[in-house]
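Every letter in the sequence shown is one number past the one before it in our numbering, and letter 40, counting from 1, is 43.
Worth flagging that the hints you see were computed from the coordinates, not collected in a lab. This one's a predicted model, so the numbers in the text were calculated from it and none came from an experiment. Take these hints with a grain of salt, some might be off.
[To be verified] Heads up, simulated SDA-like pairs for lysine to any residue below, C-alpha to C-alpha not over 25 Å straight-line:
(1) Lys158 / Leu59
(2) Lys158 / Val94
(3) Lys158 / Asn38
(4) Lys39 / Thr167
(5) Lys106 / Phe174
(6) Lys73 / Lys133
(7) Lys98 / Glu74
(8) Lys165 / Ser153
(9) Lys133 / Gly105
(10) Lys158 / Ser139
(11) Lys80 / Lys39
(12) Lys32 / Glu79
(13) Lys158 / Glu93
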Amino acid sequence: MNYLFLWLLIGIIPILPVEVSEHEFHMSKCEIAFNKEEKALQIILHLFIDDLEATLAEEGITKMYICTDKEHADAEKNMTNYLNDNFVLEVNGEKVDYSFLGKEVSEDLQAVWCYLEIENVSTIKELKIKNQLLTSLFDDQKNIVSITSSAEGRKGYFLFDKKTFEDTVQF
């Protein structure tokens with residue numbers, strides 16, 4: 004039966020008008036760590052470059068060539084603006100701004116790691132996350148967020164999508 008399925012798959016795929024992507028799923032990963040000693044929220048985001056560039060192109064921002072030798076001079080500024088609009092954090096009921104510390108390409112050259120930080124967070128009782136990254140373009144987009152505290156360990160784990168993009172964790 005496996006051979007029949009393979010034969011059908013091989014026979015059908017060439018005639019279907021399918022757009023091929025670098026990857027078959029749309030997902031981002033985010034790690035948020037509250038570092039009590041440094042009084043900071045440290046954030047690492049992992050985004051597929053082609054998805055990010057396609058989403059920016061939908062907003063009229065093209066030819067960014069993120070993490071390549073041809074990267075546009077405004078790539079980081081455009082990424083930061085996009086992140087600020089679609090990845091919003093509130094600490095203890097107040098919206099906070101984060102600093103874009105930098106980025107680097109993943110080992111497989113398919114994704115970008117973005118490093119963000121929110122300074123001067125001495126205490127945290129509640130963290131509200133709004134994560135709509137890449138959901139405007141991809142209906143199947145999933146955004147995974149893991150939250151830890153240096154003092155308390157793992158605090159939360161969320162799976163956001165187009166319909167469910169906001170949640171809160173208590174510390």
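Okay, the hints, checked on the actual structure:
1. The hinted pair formed by lysine 158 and leucine 59 fails the criterion: a straight-line CA distance of about 32 Å is larger than 25 Å.
2. Proposed proximity of lysine 158 and valine 94 is supported: the alpha carbons are some 14 Å apart, at most 25 Å.
3. A hinted pair counts as satisfied when its Cα atoms are at most 25 Å apart, and lysine 158 with asparagine 38 qualifies at roughly 13 Å.
4. With a C-alpha separation of about 29 Å, the suggested pair lysine 39 and threonine 167 falls outside the 25 Å cut-off, and the hint is violated.
5. Only pairs whose Cα atoms come within 25 Å are accepted, and lysine 106 paired with phenylalanine 174 is rejected, the gap being roughly 28 Å.
6. Pair hint lysine 73 plus lysine 133 does not hold up; C-alpha atoms about 32 Å apart against a cutoff of 25 Å.
7. A distance of roughly 31 Å separates the Cα atoms of lysine 98 and glutamate 74; the hinted pair therefore is violated under the 25 Å criterion.
8. Between the alpha carbons of lysine 165 and serine 153 the distance comes to roughly 30 Å, so the proposed pair goes past 25 Å and is violated.
9. A threshold of 25 Å between alpha carbons decides the hint, and for lysine 133 with glycine 105 the separation of about 21 Å falls inside it, so the pair holds.
10. Taking the CA atoms of lysine 158 and serine 139, the gap is near 28 Å; set against the 25 Å cutoff, the hint is violated.
11. About 29 Å separates the Cα atoms of lysine 80 and lysine 39, which puts this hinted pair outside 25 Å; it is violated.
12. Between lysine 32 and glutamate 79, the direct Cα distance comes to roughly 19 Å. Compliance with the 25 Å bound is thereby established for this hinted pair.
13. As the CA atoms of lysine 158 and glutamate 93 are separated by approximately 16 Å, the hinted pair is consistent with the 25 Å bound.
Consistency note: the structure conflicts with the earlier hints numbered 1, 4, 5, 6, 7, 8, 10 and 11.
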